[in-house]
Amino acid sequence: MKIELSPEQKKKQAEFRDFVQEVVVPQANDNDQQEFTPPELIKSVAQAGYLGAIIPQAYGGLGLDMITFGLLNEELGRGCSSLRSLLTVHSMVAYAILKWGNKRQREDWLPRLATGEIIAAFGLSEPNVGSDAKSIETMITQRDGIDILQGCKKWTTYGQIADLFLIFAQQDGKVSAFLLERTTPGFSARPIRGMYGTRASMLAELHMESCVLPKGNLIGGRGFGLIIATSALDIGRYSVAWGSIGIAQACLEASLQYTSKRQQFGVLLKEHQLVQQMITNMITGVKAARLLCYQAGYLKDIGDESTVMETWIAKYFASTTAAKIANDAVQLHGANGCSADYAVQRYLRDAKIMEIIEGSSQIQQITIAQYGYQTPDFAGVRGKKDEYRS
Amino acid sequence: MTTTQKTTRGKIRAFLDRFFQAEIKDDQDFFALGLVNSLFAMQLVLFVEKEFSIAVNDDDLDIDNFRTINAIARLIENKLGIQEPGL
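Just so you know, the sequences run in chain order Z and U.
For the first sequence, the numbering used here gives the first residue as 706, with consecutive numbering after it.
For the second sequence, the numbering used here gives the first residue as 8, with consecutive numbering after it.
Rather than coming from a laboratory, the hints here were simulated on the basis of the structure.
Mixed in with the good hints, there may be bad ones.
Unchecked claim - Now the in silico label distances, taken between C-beta atoms and shown as ranges:
id	chain 1	residue 1	chain 2	residue 2	range
1	U	D34	Z	T989	50 to 60 Å
2	U	Q28	Z	R809	38 to 48 Å
3	U	D33	Z	D1082	20 to 30 Å
4	Z	E720	U	T10	43 to 53 Å
5	Z	I1071	U	T11	35 to 45 Å
6	Z	E958	U	N64	22 to 32 Å
To be verified - In the DSS-like style, the derived pairs of lysine-lysine whose C-alpha atoms are separated by at most 30 Å in a straight line are:
id	chain 1	residue 1	chain 2	residue 2
7	U	K13	Z	K716
8	U	K32	Z	K920
9	Z	K1057	U	K13
10	U	K32	Z	K879
11	Z	K715	U	K57
Glycine included, C-beta positions come from ideal geometry on N, C-alpha and C.
Please model the complete structure; the sequences and the hints are all you need to start from.
Okay, structure coming up:
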């Protein structure tokens, strides 16, 4: 076993960190307060090639391996969770097209997604449907062989500005996935404001009133929408897991700096043992979460199916750890930590969102436990899975 | 059935054993058992791709390709160019 980044991965990590320090961090608090991501910032991300992170070079993307993609998510998440969520949803749609689209769809959409010429968003959640995706109410019907979308999506990240949406709709209880362009007659997006966290992620409620889809906008087989959603959400969950590490890392860095400067009772905060306890828990949590993400990423890179559940575990641990660490970071900062002048209050609000999106903690607890009962290694019954390999 | 085909079905069965308590027969429609969800389906696709070094793409997304062990084996054998005996 060797757990070490390659020289190229280290180089990319340093590049990501420099980009985030120079471009993202200086404006992250303002963007959060304004509930807005400036187009110039998205342009900078696009020019760096990051919107094409997982799109193969043949389509104009960076073609990053999953570990390097994770590092990018950590760094963006460290700077601004809202911006990281743009990478998340954009990559989810790109992945769905790459994996399940046909040749024409891949050639048509991926080059433009890679350069950021168009921004993509993921339309699954609805006013009445969150975790229970199979119960979506958005309908697809056919008239003279043409697909027509009718319904509403909610909490769509960057729905205010996205050019292309991957929309999930059902017909007779069978869910399918469709590409919907913003310019389609009958489409409208209503901004959602006043969110608790990831406030700059420009959420929208999408309305589709008899949207006529061009032929060829169905992704994958008809009725296979939930598999497409699940595979896209796997990428999203992985992105969120790494983004959660980014939040936790940002909290750790802020806490180390703050407690090294501020004095109380005649000594620096870092001299107090209860403060040291919090710092220790932060360091341990960040490192443990990162190791889980490394494992999930490695399994993705080798195409092992266990990456699906290992990603659930990584996201569950990373998101809950980020929330604890952010809570402690605000505590260490005292009243300053509750002020808009300090980023830790933003980290805490953003960390809470991580426990809800891409599978709530409770859904994850149910799913991971089921995985435990299905996996011989957990039950101490080794070898059953590997019988056929011997 | 050739040795290769038996091995293919054995590998699929071993994978399914993790998800189903009862033994699944080669021609049994396990989707009809109602125990299958999209998470399982995705893991099944990834398993097939890695174990047999093939790519499952949009053309293969037909429920009939995944209903039974035999159906999955046929999909794999078709992609690998393995013909059934007598064909």
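Status of the hints after comparison with the structure:
At about 52 Å, the CB distance of U:D34 to Z:T989 agrees with the hint of 50 to 60 Å. Distance hint for U:Q28 and Z:R809: a CB-CB separation of about 43 Å, consistent with the stated range 38 to 48 Å. Look at U:D33 against Z:D1082: about 27 Å separates their beta carbons, and that is inside 20 to 30 Å. Checked against the hint of 43 to 53 Å, the C-beta distance between Z:E720 and U:T10 comes to roughly 51 Å, which is consistent with it.
For Z:I1071 paired with U:T11, a C-beta distance near 39 Å keeps the hint of 35 to 45 Å intact. Distance hint check: the CB atoms of Z:E958 and U:N64 are about 43 Å apart, inconsistent with the given range 22 to 32 Å. Taken as a hint, the U:K13 and Z:K716 pair is broken in the structure, with Cα atoms around 47 Å apart against an allowance of 30 Å. The suggested pairing of U:K32 with Z:K920 is violated, with an alpha-carbon distance near 40 Å, which exceeds 30 Å.
Pair hint Z:K1057 plus U:K13 does not hold up; C-alpha atoms about 50 Å apart against a cutoff of 30 Å. For the given pair, U:K32 sits about 27 Å from Z:K879 by alpha-carbon distance, which is consistent with the 30 Å threshold. Proximity of Z:K715 to U:K57 is assessed by CA-CA distance (about 28 Å); at most 30 Å being required, the pair is judged to hold.
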